[in-house]
Every structure is written in C-alpha cells, then in structure tokens.
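**Student:** So you can see what is in the structure, the chains are spelled out below.
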Amino acid sequence: IAGITQAPTSQILAAGRRMTLRCTQDMRHNAMYWYRQDLGLGLRLIHYSNTAGTTGKGEVPDGYSVSRANTDDFPLTLASAVPSQTSVYFCASSGVAGYNEQFFGPGTRLTVL
Amino acid sequence: RKEVEQDPGPFNVPEGATVAFNCTYSNSASQSFFWYRQDCRKEPKLLMSVYSSGNEDGRFTAQLNRASQYISLLIRDSKLSDSATYLCVVSGSGYSTLTFGKGTMLLVSP
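Residue numbers (the working numbering), protein chains in the order written: chain A, 655 to 767; chain B, 1462 to 1571.
With the rest of the complex left out, here is chain B (with noise of 0.2 angstroms):
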C-alpha cells in the first residue's frame, strides 16, 4: 500500500456542485493531516489542516477517520476559482517531513 494514496481525477463538475476528495494513508502512527492546494504548477499552499474533530472553513469541510486511515475534503458550492490539484498530505515517513499525496485535480466549469 503506497504511503499517501489519492484519485487523480480529474473531477468535473459544473459551478455550485458539491465535490468530495478522499485520501488513504498507510501509516497509523501518522499524527498530523493537512489539505494543500496547488494551482497550474504553481507552489503548493496550505489549504487547511485536519483535525480529529473535523474541521470546516467556509465552504470546505475536512474530516479523519482513524479507524479506516482515510481524510476527506467537502467542498461546497464548488466556484471557478477551485479548479486546481489538491493534495492529500501526512505526517509520518522516514524521512522527518510530511508525505504528500500526487494529487486530484478538480475541474470547475461555468
């Protein structure tokens, strides 16, 4: 099982829809989770962390499920402005640093 596991997409949907993301991760000791965004090869930028709770930021809503080791990204009302890759990100490997997913590109047409 790869460490950080995502759906490449990409998802199409038009304007105002609801889009889910999920992730699978392999590491249960992972303690951190976040969702990053990355435009058209631009810089990946922090898009939210994900908290055991759950957490929501405006039209965005993450969730973790320890017991299966996935996270899920809701996205509401879904605008032009989200087209963009979205990644999966993990705390955990080898390597003292985050482990981030390839990637589920989101599509957003008028």
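For reference, chain A alone in the conformation it holds in the complex (with noise of 0.2 angstroms):
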C-alpha cells in the first residue's frame, strides 16, 4: 500500500545521544516535510524539503537537520537531544510544495530523559 512510513514507533533517548528518525514515502511525491507537534502548540514545521537535493528551514529548525538525497527519504537527526526535544514526531509529503495536500506518516513518539 503506498504511502509514508516512519521509523523508529517510538524511543525513549538520553540527553546528549544523537538520533536519526526516518521517513520513507513511496508516492514520489517531490515535497516533503517533518512537524512536531506538543500539546497545546499545534504542528510545528521542522525542516522542508521542495525536491530532492535541497533542503528550507521552518519555524523550529534549532537541533535538527535534515538531508535528502533522493526522492524518497527524507531523514531527520537530533545532533545532540535535549529534554525539550521531546515531542510526536511526524513526516509528510506532497506532490507539489505549498499548495498540493499533504499526506502525513503515522509519527514518532520521541522522549529525551
């Protein structure tokens, strides 16, 4: 079945440790992007990515990068994670960035002792 996948589910982490959370969509959509979303604040956009090979940052890009290489993955790292890191986590994708729906995977539940 097409459509988003996200990895890990969840993760308990310790401050300081690095993190990748990953994201895999098989839609070929060309737009693709990572929210957080903390109670009482909506969804957060992270990072975007228009197409492949270049990347944006968005409202609450601090502690995080991204990369995309290709098409398809669109990884999200924590260089060195902090409390405040932690959050639900959630990757989308869109066929065309900024107008197009956005079709979102089903999230990682993120905590930072």
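Warning: the hint list may mix true and false statements.
Said to hold, decoys possible - Residues from chain A shown here face chain B by an in silico Cβ test under 10 angstroms; the list is partial:
(1) Q660
(2) L693
(3) G694
(4) L695
(5) G712
(6) S748
(7) E755
What the hints assert, rightly or not - Anything over 12 angstroms on all C-beta distances counts as not near chain B; from chain A, calculated:
(8) I666
(9) T674
(10) R682
(11) G696
(12) R698
(13) A706
(14) E713
(15) S721
(16) T725
(17) D726
(18) T731
(19) L732
No lab work stands behind these hints, which were simulated from the structure alone. The C-beta atom is built at its ideal place from N, Cα and C for all residues, glycine as well.
Relying on the hints, combine the two individually framed chains into one complex.
**Tutor:** Below is the structure:
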C-alpha cells in the first residue's frame, strides 16, 4: 500500500545522544516535511524539502538537521538531544510544495530524558 | 492576526446533531484550503479540500469565503466516530508549505 512510513514508532533517548528519525514515501512526491506536535502548540514545521537535493528551515529548526539525497527518503537528525525535543514527530509529503494536500506518516513518539 | 485561527473547543454535541466550525486565515493570497481530521495524537488525515464554490462529501460540507477570509466545515447527523480534532489548513505561508491551525476538538456523545 502506497504511503509514508516512519521509524522508529517510539524511542526513549538519553540527553546528549544523537538520533535519526527515518521517513520514507513511495508516492513519488516531490515535497517532504517534518513537523513536531506538542500539546497546545499544534503542528510546527521543523524542516522541509521542495524537491530532492534541496532543504529549507521551517518554524523551529534549531537542534535539527535534514538531508534529501533522493525522492523517497527524508531523515531528521537530532545531533545532541535535549529534553525539550520530547515530542511527537510527523513526516509528511505532497506532490507540489505549498499547494497540494499533504499526507502524513504515523509519527514517532520521542522522549528525551 | 495569527495566520490560521480556530476555536479550540471542545464542541460537545449529541449524536445526530449538526455542528459547524469556522476558521479564519490572514493571507489573502492563499489559494489552497483543506480540512484535516486528527484522532488522539495519531497522524492528521485529509478530510476534504475546500473549493471556492463550496463542496460536499456525504455528511460534510465545506465553504470558503474569500472576502471575509474564512472557511467553514459543517457536519450533519453527527456520529460517535466523528469525535476528533479538526484542523483547518491554508496555503501561502513563507515556508513553501501549508499552515495548519491548532484544531477544534469535537466530542459527540450518545
């Protein structure tokens, strides 16, 4: 079934550790996104990629990095995790950035202790 | 004015009721509008797109008012399974992406 997969489903991480959240889509969408969702704050955009080979910063990029080596994959890396990065992380994709509807993965629940 | 504003609710309604949500947006140049549904911290899922002429999908009707910069969602004959958070989504932010409202919570009771 076409869609977006994320891994891991959940993770408990010690502060200071490095962590990469994986995201893969098989819809051949050009654009991909990473959001975090915290209670009361809604979805906040971390980084985005309009097409393979390009990335951009969203609303809350500090402490996170991304890469887009190919169309399908868009990993999110926390170089040195801090407790404030405890959140639910959603990856999404869309055919065209900014206009088409976005389709979301199931999310990764990350706890940083 | 925030880019996308929604009443957080919750809206408590009995089964069978009709309920409506509004959402206002600040960017008059926005071209794309959507309603998403999110269940209990699961991923948001597209409910319906919103077209200029208004559109209907079963019990759900979406309307767009460009002059007043708001979109609406009407749910008729509410079901228990409609209980969720409904996110208003608008194009045209500065990040080449969509802007999501914080959502309106709907609770449908027996």
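**Student:** Could you run down the list of hints and mark each one as holding or not?
**Tutor:** Hint by hint, here is what the structure shows:
Given hint, Q660 (chain A) at the interface with chain B, holds; its Cβ is 9 angstroms from that chain's nearest Cβ, closer than 10 angstroms. For the restraint placing L693 (chain A) at the interface with chain B, the shortest Cβ-Cβ distance is roughly 9 angstroms, inside the 10 angstroms limit, so the hint holds. Interface hint status for G694 (chain A): upheld, as the beta-carbon distance to the closest one in chain B is roughly 8 angstroms, under 10 angstroms. At its closest, the beta carbon of L695 (chain A) sits 7 angstroms from a beta carbon of chain B; the interface hint therefore holds under the 10 angstroms criterion.
Interface hint status for G712 (chain A): upheld, as the beta-carbon distance to the closest one in chain B is roughly 5 angstroms, under 10 angstroms. A cut of 10 angstroms between beta carbons decides the hint on S748 (chain A): the least distance to chain B is about 8 angstroms, and the hint holds. Proximity of E755 (chain A) to chain B holds as hinted, the smallest CB-CB distance being about 5 angstroms (cut-off 10 angstroms). A cut-off of 12 angstroms between C-beta atoms confirms that I666 (chain A) is not in contact with chain B; the least separation is 17 angstroms.
With a minimum CB-CB distance of about 20 angstroms to chain B, T674 (chain A) clears the 12 angstroms threshold, and the non-interface call stands. The claim that R682 (chain A) lies off the interface holds: its Cβ sits roughly 18 angstroms from the closest Cβ of chain B, which is beyond the 12 angstroms cut-off. Distance check on G696 (chain A): its Cβ comes as close as 4 angstroms (rounded) to a Cβ of chain B, failing to clear the 12 angstroms threshold; non-interface status is violated. The Cβ of R698 (chain A) does not lie farther than 12 angstroms from every Cβ of chain B; its closest approach is about 9 angstroms, which violates its non-interface assignment.
For A706 (chain A), the condition that its CB be more than 12 angstroms from all CB atoms of chain B holds, with the nearest at approximately 15 angstroms. Once the 12 angstroms rule is applied to beta carbons, E713 (chain A) is inconsistent with being away from chain B; the minimum gap is 7 angstroms. Residue-level check passed: S721 (chain A) sits 17 angstroms from the nearest beta carbon of chain B, beyond 12 angstroms. Every beta carbon of chain B lies more than 12 angstroms from that of T725 (chain A), the smallest distance being close to 17 angstroms; the non-interface claim holds.
For D726 (chain A), the condition that its CB be more than 12 angstroms from all CB atoms of chain B holds, with the nearest at approximately 18 angstroms. The beta carbon of T731 (chain A) sits about 19 angstroms from the closest Cβ of chain B, which is more than 12 angstroms, so the claim that it is off the interface holds. The Cβ of L732 (chain A) sits about 20 angstroms from the closest Cβ of chain B, beyond the 12 angstroms cut-off, so the non-interface label holds.
Comparing the model with each numbered hint stated earlier shows that hints 11, 12 and 14 do not hold.
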